[in-house]
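In the order they appear, the protein sequences are chains X and H. Residue numbering for the first sequence follows my numbering, beginning at 1 and increasing consecutively. Residue numbering for the second sequence follows my numbering, beginning at 224 and increasing consecutively.
Hints were generated in silico from the structure; no laboratory data involved. Glycine included, C-beta positions come from ideal geometry on N, C-alpha and C. Check before you lean on any hint, since a few could be wrong.
[Claimed, not checked] If you want the footprint, here are the derived chain H segments under chain X, 3+ residues with CB under 8 Å:
{"#": "1", "region": "452-458"}
{"#": "2", "region": "709-723"}
{"#": "3", "region": "779-788"}
[What the hints assert, rightly or not] Anything over 12 Å on all C-beta distances counts as not near chain H; from chain X, calculated:
{"#": "4", "residue": "THR53"}
{"#": "5", "residue": "MET67"}
{"#": "6", "residue": "PRO80"}
{"#": "7", "residue": "ARG113"}
{"#": "8", "residue": "SER117"}
{"#": "9", "residue": "LEU137"}
{"#": "10", "residue": "ILE138"}
{"#": "11", "residue": "PHE153"}
{"#": "12", "residue": "PRO158"}
{"#": "13", "residue": "SER161"}
{"#": "14", "residue": "ALA169"}
{"#": "15", "residue": "LEU182"}
{"#": "16", "residue": "PHE214"}
{"#": "17", "residue": "LEU219"}
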Amino acid sequence: MPSNTVTDEIELIGTGKGGGGSSFGDDGNSGGGGDDWKDSSGSARVPQRAYVTGMTIALAGVLMFFMALVSAYIVRKGMPNSAWVNLAIPRILWLNTAILIASSFTLARSRSRFLASDDAGFRHWWGVTTILGIFFLIGQIIAWRQLAAAGLFLATNPASSFFYVFTAAHGLHLLGGVLALLYVAFRPTHRLTKGTATEVVSMYWHFMDGLWVFLFLLLLLGR
Amino acid sequence: MSSHAHTGHAVVVEPSGFIRKYIFSIDHKVIGIQYFLLALTAVCVGIVLSLLMRFHLVYPGAHLPFVSGGIMTPEQYLALVTMHGTIMVFFVLTTAPQGGFGNYFLPIQIGAPDMAFPRLNMLSFWVTFLAFVAIIAAFIVPGGAPISGWTGYTPLSGMGEVTGPGEGMGQTLWIVSISLFCLASLLGALNFIATTIDLRAPGMTLFRMPLTVWGWFVTAILGLLAFGVLLAGGVLLLLDRSAGTSFFLPAGMVVNDQLQPHSGGSPLLWQHLFWFFGHPEVYIAILPGMGVASHVLSTFARKPVYGYRAMAMAICAIGFLGFMVWGHHMFLSGMSPYSGFAFSVLTMSIGVPSAIKTFNWIGTLWGGKIQFKSPMLFALGFVSLFVSGGLSGLFLAQPAVDNMLHASYYVVAHFHLVMGVAAIFGIFAATYFWFPKMFGRMMSEPLAQIHFWFTFVGTYCIFMPMHFVGLAGGIRRYADATGTTYAAALQPVHVFMTYAAFVTGAAQLIFLFNFFWSLKHGAVAGKNPWNATTLEWITDSPPPIDNFGGHYPSVYRGPYEFSVPGYRQDFIPQNLTPDQAALLK
């Protein structure tokens, strides 16, 4: 952890918001004047809300990528002579899904501890989230091994192809999320404050959680 | 605010080493020039490829020393078609206007010190560079370059070497290159959007942004929503080729007497994914040019842009509608007539914002004190080409007409005029306009004028007759049309177009000479050689590392305050306070 305390961070962001630390929420600066990225000495820095904007935009791009895959899934499945063979979803996916949903709650808990200036609580729940994320990834690999043991590989049939594509694409994105969690936990942040770092990582994580629930339901109900 | 100082970057310091300063730079201005030079390299390759094609069409039996076997095969011709299209669309028309000029001027025009995420910006460029290396590498791998067109249509692009030379390693490199390009463009788009939203100077409201910024901003939104879709398609196509899946490959395909081991895939699915990206891509190429044209027309007519708000909203409307018309590239795919009708109506509705733009460009010129400087000439050329090429789009938007014309040279003529050459004219206008700002020197005006007239007349000589070749049934992508009587009758027109192409191509050497000669020997440009109003002209040429030397501007007025009645000076820069402006009365 960097040496500066959580309280400092809160005050820092609170100043940018022109309000108290407890009230800072989801969407960066609401002032809108556009001049808070220049400090009094005239030197330039990127406003913290740009990171939130950037993450929002990035998630829109990620969403388009996955929606392209989903539309391919729907079209491909509806093909005449599609050679589609329904896939028995490995039961461990239920557990994995539960783990990932739980991780969103622990992450939210961590954020609220952070906002309450409770550094120990923040680090505890942040760590729990990271471990749950790693468990999810391990669980996905176990699911792959179960499918492989049943003779279902990437090229076996279109259903298995899409299963591997969806889980791999989502898994890679979630791995990125785990790395981001570890980065925030262990590295001091320079250009962005810890408040912003935890905020953008949380946005990403909750999005990946929701995306997984969507993909899981698609694989489950769209069979 | 003072509490920010200890977390934020201190005063921006220019890196001293050559590598940090010019190669792995995080300065958006250096990155912009890098993108520009990449596009300049790419356009030279692309032009050479097109000249080879034009030569082959006229002299199909000629012996070429650099072609293995001496005489160009149809497959080699298709490889030229594929590589010309790919390099031009991705590495020139997408790279120069957006990555090049957008990178350089968007932050300056909104009064920002840099992009929101400078390291991400550097990463975008270098991934784009890798993508370019990959596509060029396709020339030299066994089998050579791919032959499935810049659209990479399946099933041809999905099956590997069995379907022809270039469909092995060459096609794989093509997919890798395009996927990398998608990734880089997504990162770039993210940066452009976040910068425009959050880094505008005080007073720089959305409707005080120059129309160039509107163009880059909407282009970035299109890129953000479109490139991810092509990336997904690229991943699936790569799996079809290398992992044996069947996303795009149907059952029962027999190629070279070999039954292919695929089943149930949909080649049309690729077309949908590709064109869902591909049509917005057309606007990614042209919207920055529209912004530049508006900007330059206003500056050199010494008049405000006519209907500024309508122009900004028309850019948004074109961007929005651009996502709903991809099906018009697929009228021949056997789609339902109802779908065809919907795509047709939506396509023609783009004529409305396009007409608004054209009308307002003419309105901007109307009654202006027009200065026919080289940027102005190319901006006028842009409008001319956009109209000429756009009108044929109304014919092609109708499925019944498109059925006749789709596989013909008519379509080639259409998209080259409206998206290819028009966008290139936008790039030229931008180059002549901003060269003084980027390099501190003026380009030679006489050479620029000669360059303009050769290029303008030349492109019309190439592409206007091409419409008639298409109407007469000249089929595109054929390496040699001399074998059939009706097509052979069109050869004299082809000969004319080829000569025009070589003359026009040679005229570009004037530009290259002018560009590099002026870097050293051009007349020194002051801060504001064109007497323009936007923020890039209030800083030094070239701008300092943080763009404004530590004094960040505030904005008090719109971007095009030219010839305001009652003022002695015919332009009022955006950063003049009302008090300062009053001194000009």
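*List, from low to high, the hint numbers that the structure doesn't satisfy.*
Of the numbered hints, 2, 3, 4, 5, 6, 11, 12, 13, 14 do not hold.
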